Amino acid sequence: QSVLTQPPSVSAAPRQRVTISCSGRSSNIGNNAVNWYQQFPGKAPKLLIYYDDLLTSGVSDRFSGSKSGTSASLAISGLQSEDEADYYCAAWDDSLNGWLFGGGTKVTVL
Amino acid sequence: QVQLVESGGGVVQPGRSLRLSCAASGFTFSNYAMYWVRQAPGKGLEWVAVISSDGSNNYYAESVKGRFTISRDNSKNTLHLQMNSLRVEDTAVFFCAKGGEIGDTYGSDYFQHWGLGTLVTVSS
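Going down the list, the protein sequences come from chains C and E. The first sequence begins at 10 in my numbering and counts up by one. The second sequence begins at -1 in my numbering and counts up by one.
By construction, these hints were calculated from the structure, which means they are not laboratory data. Keep in mind that this is a model prediction, so the values were computed, not measured. Treat the hints loosely; a few may be bogus.
Taking beta-carbon pairs under 8 angstroms as the criterion, some of the chain C residues facing chain E (in silico) [as the list claims (entries may be wrong)]:
no.	residue
1	G39
2	N40
3	N41
4	P50
5	F72
6	E93
7	Y97
8	G107
All residues carry an ideal CB built from backbone N, CA and C; glycine is no exception.
Generate the whole structure from the sequences, applying the supplied hints.
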């Protein structure tokens, strides 16, 4: 069971907007940066968002990140079929002295 | 451009050992913390270990502590993961990843670049 909690799946029609939540604690999200990764089946993960809300160079600006307290969110606007993938949040945990990943969220474009 | 190439994976019996390597290029290796992250078949990502830029400091996930050892050779731009007492549940694709920030402030770091991974299968 992941300490960072994400919904297992989200879905929406093309051109709609989806939001993926990532819930943690003061020792991780509350005190450290949250990063988001995209992963296609059989491929390596790719960094999308770092420092809570900074977009990696070359990534579409349809992706955005935010954080409030001990929760973070990844939003995908103007959903496209190519966005179908698994998405993971991650943060350092000061109590564990280690990194935590969320369980991952599968995005489906209807 | 940044390249990370893992090697050393394979099939091993429970209780045996395996050593993974990650050859890095395209950046100043000695400036960045390096990470191992794994993914069991059909499962999510799990952080395994981190080593500081100079190799003097490291941390491990509880699931591998005491069994795995992360190390690096900054003269050869290479990261290693020595895995002992392997268990069936260690079966996974192991990725090496480069930190995003110069220095070793883990709380503000991120996995900026990833290798393609190497598959470790622990089975009798």
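Against the structure, the hints come out as follows:
Of the supplied interface hints, the one on G39/C is violated, with its beta-carbon coming no nearer than about 11 angstroms to a beta-carbon of chain E, more than 8 angstroms. With a least beta-carbon distance of about 7 angstroms to chain E, the hint placing N40/C at the interface is held under the 8 angstroms criterion. A hinted interface residue such as N41/C counts as satisfied when its beta carbon comes closer than 8 angstroms to some beta carbon of chain E; here the least separation is about 4 angstroms, so the hint holds. Interface hint status for P50/C: violated, as the beta-carbon distance to the closest one in chain E is roughly 10 angstroms, over 8 angstroms.
Restraint check, F72/C versus chain E: the minimum CB separation of about 15 angstroms is more than 8 angstroms; hint violated. With a cut of 8 angstroms, the hint placing E93/C at the interface with chain E is violated, because the nearest CB-to-CB distance is about 17 angstroms. Restraint check, Y97/C versus chain E: the minimum CB separation of about 5 angstroms is within 8 angstroms; hint holds. Given hint, G107/C at the interface with chain E, holds; its Cβ is 6 angstroms from that chain's nearest Cβ, closer than 8 angstroms.
Of the numbered hints listed earlier, those contradicted by the structure are 1, 4, 5 and 6.
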